[in-house]
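Trainee: Sequence order for the protein chains is D and X. Position one of the first sequence corresponds to residue 1 (the numbering used here), numbered consecutively onward. Position one of the second sequence corresponds to residue 1 (the numbering used here), numbered consecutively onward.
Just so you know, the hints here were simulated from the structure itself, not pulled from any lab data. Worth double-checking, as some hints may not be accurate.
Calculated lysine-lysine pairs in the DSS-like style (CA-CA distance at most 27 Å, straight line) [as the list claims (entries may be wrong)]:
id, chain 1, residue 1, chain 2, residue 2
1, X, K263, D, K149
2, X, K263, X, K180
3, X, K29, X, K216
4, D, K149, X, K238
5, X, K49, X, K286
6, X, K49, X, K258
7, X, K49, X, K178
8, D, K149, X, K216
9, D, K149, X, K178
10, X, K106, X, K29
11, X, K216, X, K180
12, X, K178, X, K216
Away from chain X, derived, C-beta distances all over 10 Å, residues of chain D [unchecked claim]:
id, residue
13, A36
14, N37
15, A88
16, A102
17, L111
18, L176
19, S202
20, G258
Listing some non-contacts, in silico: residues in chain X with all C-beta distances to chain D over 12 Å [stated by the list, open to error]:
id, residue
21, M109
22, D156
23, D195
24, D214
We treat Cβ as the ideally placed atom computed from N, Cα and C, and that holds for glycine.
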Amino acid sequence: MSILKSREAILGLAILVLLAVVASRFPGFVRPANLANVFTDTSPLILLALGQMVVILTKCIDLSVAANLALCGMIAALMDGAGVPLPAILLVVVALGAALGAVNGLLVWLLGIPSIVVTLGTMTIFRGTIFLLTDGAWINAHQMSDAFKAFPRAIIAGLPVMAWIAVAVIAVFAVLVNRTPLGRAFYAVGGNPHAAVYTGISVGRTQFAAFVIAGALAGLTGYLWVARYAVAYVDIAGGFELDVVAACVIGGIAIAGGSGTVAGCVMGALFLGIIKNALPVVGISPFWQMAISGSAILIAIAFNARSNRAPGRIILKRAEHRT
Amino acid sequence: MSILKKALTTAALASALIAGSAYAQDGEKMRIALVAKALGIGFFEAANKGAQEAAAELGDVEIIYTGPTDTTAEGQIEVINSLIAQRVDAIAISANDTNALVPTLKKAMDRGITVISWDSGVAPEGRQMQLNPSSAPLIGNTIIKLAADHLPEGGDVAVLSATTTSTNQNTWIAEMDKVKGDYPNVNVVGTVYGDDLADKSYREAQGLMQTYPDLKAIIAPTSVGIVAAAQAVTDAGKVGQVNVTGLGLPSEMAGHVKSGASKSFAIWNPIDLGYSATMIAYHLAKGDATAEPGAVIPTGRMGEVTLDENTEAAMADPFTYDASNIDEFSSIF
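In isolation and in its complexed conformation, chain X is listed as follows (with noise of 0.2 Å):
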């Protein structure tokens, strides 16, 4: 096995020396590999899609949409190497381990080839940049504002999050506190813990309507939590009366937003995300943008996005789902 991998390797090698970097010489297309946690999940399917589309947009790209077949470091080290040996111009890769691909990585890097991470993100000594979906302060102001968007009137909204110790779910909802002052109508009342049990949510989203008889709306920035209070609601009868809004997935939501319990919700959309990072690894690897802080990179119909002091980049405020669009992505994550 070794011995035909360093033989395919050594081969892969002589033939990349032979043909030198094939973007910058001739006008072939650029070919930038989307590589996915593992084939076959509608999340990155998707991804490929909106790829697929900057490609379009781009001209002179060429998607390579490969991935493991399972979520595997392991997987993905193949995955890798598989690309370096076909010398693609550029890797844009969501990792299965933030600190197992750093070493492959790096070798990509040596060959002059773009590496950059979205989604979920590697070490910074692999890659040259990441690209997150959102960032906190963006979620945090997208929860308040799905609530107030219809709440023309105002009125007590409740926020319903996973356990009192949840990372992100605490830091979104400090982020929604710092931006409340923006929507003066929106009284935020308080925050239960549904510990991101479906029962204990369901029972929380319950006693909320009990103590607040005037609530207008529920926040759920969690996937368990915003399916439990949508069908509290529902069984309580007051769909119409409650919203129900915050983060999940538009395959968990389908029903509830049909139903109406819940009027919209977000979370980051796959096809943009997949279409930022193509445009990213474009840019860095055409050698018009350089992965550094401060720096700004354009990301076509998405506009742009600048690098923090860990070469991090927010690509957008979550994407609201609702009646209108909640069928075509329910069926792709």
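Isolated chain D, as found in the complex (with noise of 0.2 Å):
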């Protein structure tokens, strides 16, 4: 019983639930190559949905993830484009990625502006920035060289090196969050800021290096995500912020911060991808696809909403004893 409680397990059922009514409508769904489809699609949610955790954790919000995805990747795709070797791109990227998340950090820490306002501006910077940069124009899969096309792609041991990375990533949160100092500070930045001062941990400095992790992570899936799609021009992933938030809330991340694990935000962006990834093919109509993702969202929420609150506590057992 008290497994069940877990809003972890609560929600590896629900993706069980959903796996299984897919499958009753659509039984290719389930094959084991379809779902390493759907874990590589969903790859590039995970990456970021990870760096937003770290983020909401520490009571922000970074809205700026998919602009500064879509700088990035324009900027790998007009390197590649000027001959610049994979394995710099990529270095590249990553920099770029945290120096753009720590922008943002900065205005946070330093000039104590509310998170949402910060990454809300830099959203629109980001973006008007690669129309600064390319003119609006396109730069397209002839344009790209094979290597920079082929590398989340490649196969090794079954799964594309997409679905790696985010292995690869999932695997360095888990001990970032749970066994590093700095992992342990996020929690305490969010959960009690106050505590978190008194025990000498810089709120700023700690919201700060939220901002760069979750800005780097964004650079490398820009790169990967023009890669994958072949195409890169200034609206790509546009919107795709809210999806990472709602991977977020649906995998237990308290909004207020200080509460998630890796595992229900992993799991939160692989009940969103799997959602995206099904609802193509088991031919509901797609004036109705939005509204069932939304209602998804709604559900999930609610029921985390009811795990988390507070039963009530008897503050004063001594009394209550005496009487």
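Relying on the hints, combine the two individually framed chains into one complex.
Mentor: This is how it looks when you write it as structure tokens:
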């Protein structure tokens, strides 16, 4: 019974039920090869959701991740066009993503502007920068080198590199969040900022670190995205930041900060990824698809809210005994 | 600035009055101004190429290809004012704003200059006629014909559209449905919506290939969708089995045509558009055709156009691009 109370178990169960429902209408969906495809397709969402998770843990939110992704992806495509080798491109996009995240972090940390305002602003600036770089022109499949497009698709031990990158990042996050001082600081800062200060943790610095991590992941995902879809333009991943926040919320990351797990976050992203991949094959009218996606998110959140509700607490135990 | 402008306009007016109508009186060449949304855009450079071709064919025409440096209505107004001052015989414009140019273009018409709009139109009171690159029925017919051309034995085809509320795509698909009886072998199995997002379009294309294992073609009448579908087909290893077609831009589709994921696709041909606009402007300015509903205006090698009740005309079917001509056009637009 106690295992059913854990949020991760409920979410895992919900994913299994979802898969069963989809399989009843389209059996091919649960073939291992297709599930691997779904995982690969969801990898960008997982990467960004993990980055978003640490930001949300510190009581912040980063709405600029998708724009950061788009800008870094465009830079990657431009560098490829200029003949820069792939390893250098990877380094640059991660560094650039981190730098863009650092801009968010510094504004939140040093100027104390609420993160939602900061990232709403930088989101527009990043997209605008892409336009300045390209005049709105597209970079298309034939303008990208084969090596650039092939890397995320290369199959190693049955899974594409893109999926392995997600697996690796999940593993790193599990260690980072649970086993390192910085990881615990994220929880401390979000859970109780005042207490965190008393224990010697700088709230601003920790939030800054969270934004840098989210930015670096967005930068990396930018390259993966552009290489996978073999096209780069101003509006790629438009509105994706909302999917990322939704994945976190479904995964039980408390928007108020300080609570949530890597496993929950990954499962939240997978839940959304399965819905996105299943809707085209189960033959549901496209007019219903958005409503279904939205309802799934609301139901998941309602579940979380219920299990999250603090039970009544007796605060004066001794007084109770005396009477 | 405004004093200078006034002085210039007055001077131009005076000289115009002295010169009278250049074309009507002597054997000089008719001067037709082709006004682009902005200079330096491949699409309009190509239209200019077509206009030059028409001028060479007509013989007594000189083309003035011009436009602002950025795509603003203000820039175009300045350009038109200077064209009025130069006393050109006709202005053919692709407008940056439907309404903002009307007063200036009216002024041009008052001075006896023939004004037509092409590609991006001007409100009816600001021009004599509008030349559209194509029309919804022609596009609807073209997109299913593109799929049918490469399916001699017929088969299942599906449509990958933009959003459920995209007016253009919905109109084209409705027109396609009207004529699909003409292609009895082609079985349209359904329409999905990629919302003009690369990732959703890619996923929908994957979904189509899973749901309909015998799918032979995907018709995507949207530039984001057609590129995403071509990539999805390539990644699924179904190049040669599933043909991606629809409407796209040559520069964006070049790679997918070369890889074979798309055998052909269509979009208007800017060269033909510049050519036809010049032909129409020539005949209207010369006075051997009038811009009124129902009028038929010859357009040289493109045949002729018929004006509808809004004095708009559709040039032709969208132009088909395939491996034979993609290189020529991919550098243009």
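Trainee: Hint by hint, note whether the structure agrees.
Mentor: Status of each hint after checking the structure:
| no. | hint | verdict |
| --- | --- | --- |
| 1 | X:K263 to D:K149 | 22 Å, holds |
| 2 | X:K263 to X:K180 | 20 Å, holds |
| 3 | X:K29 to X:K216 | 53 Å, violated |
| 4 | D:K149 to X:K238 | 18 Å, holds |
| 5 | X:K49 to X:K286 | 22 Å, holds |
| 6 | X:K49 to X:K258 | 26 Å, holds |
| 7 | X:K49 to X:K178 | 36 Å, violated |
| 8 | D:K149 to X:K216 | 26 Å, holds |
| 9 | D:K149 to X:K178 | 40 Å, violated |
| 10 | X:K106 to X:K29 | 24 Å, holds |
| 11 | X:K216 to X:K180 | 16 Å, holds |
| 12 | X:K178 to X:K216 | 21 Å, holds |
| 13 | A36 | 13 Å, holds |
| 14 | N37 | 8 Å, violated |
| 15 | A88 | 23 Å, holds |
| 16 | A102 | 27 Å, holds |
| 17 | L111 | 34 Å, holds |
| 18 | L176 | 27 Å, holds |
| 19 | S202 | 38 Å, holds |
| 20 | G258 | 32 Å, holds |
| 21 | M109 | 33 Å, holds |
| 22 | D156 | 14 Å, holds |
| 23 | D195 | 9 Å, violated |
| 24 | D214 | 14 Å, holds |
Hints 3, 7, 9, 14, 23 from the list above are not met by this structure, while the remaining hints are.
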